[in-house]
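Number of protein chains: 4
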Amino acid sequence: MSANTFGKIFRLTTFGESHGKAVGGVIDGCPAGLLIDLDFVQQQLNRRRPGQSGITTPRSEADEVEFLSGIFEGAATGAPIAFMIRNTDARSQDYEHFKDVYRPSHADFTWDKKYGLNDWRGGGRSSARETAARVAGGSVAQLLLSQSGIIVQAYVSQVGKVKLEGNYTSHNLDDRYNNPVRCPDAETTRNIMEHLEEIRLAGDTTGGVIDCVIRNLPAGLGEPVFDKLQAGLAKAMLSIGAAKGFEYGEGFAAASMLGSEHNDLFKGSDEKLLTPATNHAGGILGGISTGADVFFRVAFKPVATIMKDQITADKSGNPIILEGKGRHDVCVVPRAVPVVEAMAALVIADHLLRNRTSKL
Amino acid sequence: MSANTFGKIFRLTTFGESHGKAVGGVIDGCPAGLLIDLDFVQQQLNRRRPGQSGITTPRSEADEVEFLSGIFEGAATGAPIAFMIRNTDARSQDYEHFKDVYRPSHADFTWDKKYGLNDWRGGGRSSARETAARVAGGSVAQLLLSQSGIIVQAYVSQVGKVKLEGNYTSHNLDDRYNNPVRCPDAETTRNIMEHLEEIRLAGDTTGGVIDCVIRNLPAGLGEPVFDKLQAGLAKAMLSIGAAKGFEYGEGFAAASMLGSEHNDLFKGSDEKLLTPATNHAGGILGGISTGADVFFRVAFKPVATIMKDQITADKSGNPIILEGKGRHDVCVVPRAVPVVEAMAALVIADHLLRNRTSKL
Amino acid sequence: MSANTFGKIFRLTTFGESHGKAVGGVIDGCPAGLLIDLDFVQQQLNRRRPGQSGITTPRSEADEVEFLSGIFEGAATGAPIAFMIRNTDARSQDYEHFKDVYRPSHADFTWDKKYGLNDWRGGGRSSARETAARVAGGSVAQLLLSQSGIIVQAYVSQVGKVKLEGNYTSHNLDDRYNNPVRCPDAETTRNIMEHLEEIRLAGDTTGGVIDCVIRNLPAGLGEPVFDKLQAGLAKAMLSIGAAKGFEYGEGFAAASMLGSEHNDLFKGSDEKLLTPATNHAGGILGGISTGADVFFRVAFKPVATIMKDQITADKSGNPIILEGKGRHDVCVVPRAVPVVEAMAALVIADHLLRNRTSKL
Amino acid sequence: MSANTFGKIFRLTTFGESHGKAVGGVIDGCPAGLLIDLDFVQQQLNRRRPGQSGITTPRSEADEVEFLSGIFEGAATGAPIAFMIRNTDARSQDYEHFKDVYRPSHADFTWDKKYGLNDWRGGGRSSARETAARVAGGSVAQLLLSQSGIIVQAYVSQVGKVKLEGNYTSHNLDDRYNNPVRCPDAETTRNIMEHLEEIRLAGDTTGGVIDCVIRNLPAGLGEPVFDKLQAGLAKAMLSIGAAKGFEYGEGFAAASMLGSEHNDLFKGSDEKLLTPATNHAGGILGGISTGADVFFRVAFKPVATIMKDQITADKSGNPIILEGKGRHDVCVVPRAVPVVEAMAALVIADHLLRNRTSKL
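Residue numbers (the numbering used here), protein chains in the order written: chain X, 212 to 571; chain P, 212 to 571; chain L, 212 to 571; chain G, 212 to 571.
Be aware that a few hints might be false.
A pair holds if it fits inside one copy or across any two, identical chains being indistinguishable in the list.
[As the list claims (entries may be wrong)] Restricting the straight-line Cα-Cα distance to at most 20 Å, the calculated cross-link-like pairs of lysine to aspartate or glutamate (EDC-like) are:
1) Lys478 - Asp323
2) Lys232 - Glu277
3) Lys570 - Glu398
4) Lys478 - Asp300
5) Lys478 - Asp520
6) Lys570 - Glu409
7) Lys536 - Asp525
8) Lys526 - Glu275
9) Lys232 - Glu376
10) Lys570 - Glu284
11) Lys372 - Glu534
Hints are computed from structural coordinates only; laboratory data are not their basis.
Values in this document were obtained by computation on a predicted structure and should not be read as measured data.
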């Protein structure tokens, strides 16, 4: 029972492989009347697009999105919104030497075990190229959130051993897309660029962390007991190929805190203004948004394709030396920033609509 | 659109509040023919049960489970398996003083915002008592996994500031339930017990971390692209009330690793034996199990109810001093161990069945 | 992948067998704040209850419903509403002689083929007793519909060869539950009673038809393209064990009509009043309610258990004579009336909530 | 909560409007390894295609399908299979005069009520053009059924007042696509052609009935209690725009039968051969297939667009005369035959996969 659909009410179904004809998707459940700003969708796709700078893969895809249905006179009609992005720069011949070997730490091995066959060209469906459809779909979700003033902002807070100091309240996130690292701090950005260049020269790769904040979220989103808001966000983030961890609020640090440190006490002069004075909780209590900022962090592993030789075994179990070649990112984290935003927006858009049925 | 059902094929629907008549659930999709070992179900419930030791709440619930349907001559029939656990020691009068105040860092506030009303007796549906139904349902899932030799073992690896050294390979997990902390190491257990006693005397609470390993999992479980195995586990874990973070494999540490360090190379003399030589991946590639152990960690926040006075605001926004009283755990993490096992088992059981439809 | 849950937003999960401990269910997604009129629920159950009159089975079940969760101070809280009805008059010994034979036209054969085993006591899960849980759940849905003034009224329009003349507009449906046949016309009721007595004396059974009308439905309910309102109703009705056919509006008669006969033209002096002048459509166009009455008909087959000997084969394929004995209805259709109402209400309640997310 | 996805495991999501860029769909859950016979898919589309004969609309669409993903070296990979059919002969100007009037018995009115806006060009999403995507998706389901020898055959059994005598056992269904009526009997076909020509000359339209049989179905398909096989078929058929009724087995005729007439007794010399001697049931008992042929009938209403003037009201409620013009079928039933087959195949394919999880 496969799973290429995300969400319950605002639903995105995606399709497409790295070296197939196209990647794309169908959005079902977008409320009729939403104005679809095609430029915004394309802008988010451009931010994920390969070939943008020295730190991303040189594969060059225009990633131009074509909408096929569900929009009439600029607005969503209530019918499904289908879109596609043609693949143009796939070079399957680069992958011929992978026909007989499972690339280490890639999905070739498990895909083959599961399905009994594997489209080995560029990772097929397991390629990060699949995330283009998430970004296109998620950017429509972001347009829906904008109607309620909700803002989703992700940024890079760590690449390899270089970490950004402070949390989201310490930085101006509006500038995060102005540099190829997608980091809001200029000095940290420079350090990361240097770090990445060293790693690239060594033929290696590295991982990183993306932080994300969701502002202006109304109280009441999230569905006990199994679709708590944080559960939806965790699933969304861990569904991104390279993600290895998720934490929200104080996260793993909460494990060693005392209750008296972690509790958020209330303040306020009347019921309307009643809000927690602090936000250790990360904007969610009992799985439901409090009205405070929701913030979370996502850890990413290093890119598995490296430019170094690796001693591994081929599909028959014979030891071989796998040469490092191909076109890949040194670190995927900067390009994953719009993906994190897209997935977060999909979760919130879905819960925004789900919450319409909570009360009489 | 509420969410009290977990899973797609092996599905658990739960119900019940802390101070209602009962908590319980309905399992739909359990394959016919599975022998239901009622003693095992009760044993897992006993491990979660309050009132077991000095470090848990003195609320005393027998937590005796009654099965109502779906079992004939000891085996699952294919019909839904319903069960219930009557509440017997609820003391609603203990909560009378919370009618006019939202307890800090509890779900009273958000539940009220979402639903326009709130069953304030003992946290209602947002009480950890809800997890009894997860354990009962999850233990049936564990019985299904046992048929395939799959073993799920969780244990406490951190309480407050005391951490267990080493990962799951360093300890004998069979003994984890022999002490109230659910920690496989005797010395760490003693340190945790001391640490908890200090915190209890101070009227405070703390959090912790649970590690979990799933052994003997066949390769091929997990559904790209949105229901990757780790995405399902992350959602399951973050759906537990107090959970704040999830990581698998190298987790957050992977962010600062190099690709050449993190990659798991293959070894093996023939195709059957082909397996990764290391397991930085945590047993999952491309969202699909590799056949190696799956391991992950879950962080928990401190218990919100403390025995200290707290300066907060009542529902009208007036500042008040909230007295510390009631019956609560100093640390919920030991009792959450069977809950983590139950949720993990539910995820795996579901994917085991889902995977039956992957191929012709 | 079994299916004991009905609905997408307003969801009913049912459980229980004829001769198990109880039948019951869990309603998830009932909007918080709905007042739960327990007397109404019990009244609907009483209308379905066996042992009410000479034309129903003498099995005597009080069918007293116990609510276990989800209600606080008389209102739905947003948490799942669980309920159960204990079985009290099951006589499994009556079924001992069915251990070795599949009862003709019952589900014993297919259940065994599907699951590899069969709870042969009283039909197990395939017994009509299962519908008690539908009625309890559906009556909560009816309470939700009442909030919007929506009324669901089913009645018997045919039993065996006796048919009621005219459609729902020709009769006063308020009296339909005043006689054991659940037919709104006194003379037809008498004829049906006589017809049933003849059939009973002959040791035989028969089928019938139930008509249903839904009034005061707002325009806009139904979800193109697959969850059209009529598609949901058709599924709901055909999920009732003995149902063999469904038609709405002109139904099968529409097949031989001309477009110029069947079309409903608009009348009205302003946009608000714009409604179809006739209602051949049955209140639905393009799968969406028009605001006119929705009406449909459901055909039921004869009860399979007859009091005559039948020449059939046992489970080993040996010819045997199956004696007619046990406690059964001569015609199940009168008792199915509240079941049809319940299922219709579940469909409408679900679409009422689903429709809240159609527009910005 | 919109619904453009059909099925639980074998799932088809469709998109597209009559006058948009394309119609198409995404199949998720097709088992890996299935050979995709593109010629068969195109053949089924051709059978639904407009402009084929004098009795269908002259709108001329090549309906050439393009597959975008999920197929590698001729076989399904387990990844979603996306496809699209470009619209080429849409003439939106034909619909300009419908901007201010709701066409009688069309979905313009209800779509507007539901979504607050309406793509009035050619019916938008509510156009029968949407069924092209069902046929493409359903034909992939048919390929899956072929693997198990299952055959789905629909045919026209009534058009307007002309009815075909006998049921599916009386005719050779292999020839049904050899004439434009899709009727297996030559004389009835001639009568229908004459009947349709008369109606066409009168500027009118009519309805009809399609019969369908599913052969070689294994016993065991169907999911109690809500997803009974007939419930799924009923939903599938009633989701087709013009369908007004569904019956299976004896259908509405069963209502007036006696139990002793309707019961199917068993015959057989050993357990393997045990089958019902008759098939009044229509191949399903307790919602589960018996192994006998499943057969059902679907009633269709007359086409709403007629070539006669109609006195109706415009959107402001002012009376107007609506002229009859445009390109439409006199009777949609012949073109609906591959649609019925497609929807039936989708139901069966889904249940075939669902049934893989019923037993240990």
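Evaluated hints:
no.: 1; hint: Lys478 - Asp323; verdict: between (56 Å within a copy, 17 Å between copies)
no.: 2; hint: Lys232 - Glu277; verdict: both (13 Å within a copy, 10 Å between copies)
no.: 3; hint: Lys570 - Glu398; verdict: neither (49 Å within a copy, 46 Å between copies)
no.: 4; hint: Lys478 - Asp300; verdict: neither (57 Å within a copy, 34 Å between copies)
no.: 5; hint: Lys478 - Asp520; verdict: between (60 Å within a copy, 15 Å between copies)
no.: 6; hint: Lys570 - Glu409; verdict: neither (56 Å within a copy, 44 Å between copies)
no.: 7; hint: Lys536 - Asp525; verdict: within (17 Å within a copy, 64 Å between copies)
no.: 8; hint: Lys526 - Glu275; verdict: neither (37 Å within a copy, 39 Å between copies)
no.: 9; hint: Lys232 - Glu376; verdict: neither (43 Å within a copy, 49 Å between copies)
no.: 10; hint: Lys570 - Glu284; verdict: between (33 Å within a copy, 16 Å between copies)
no.: 11; hint: Lys372 - Glu534; verdict: neither (26 Å within a copy, 45 Å between copies)
In summary, the structure is inconsistent with hints 3, 4, 6, 8, 9, 11 from the numbered list given earlier, while agreeing with the others.
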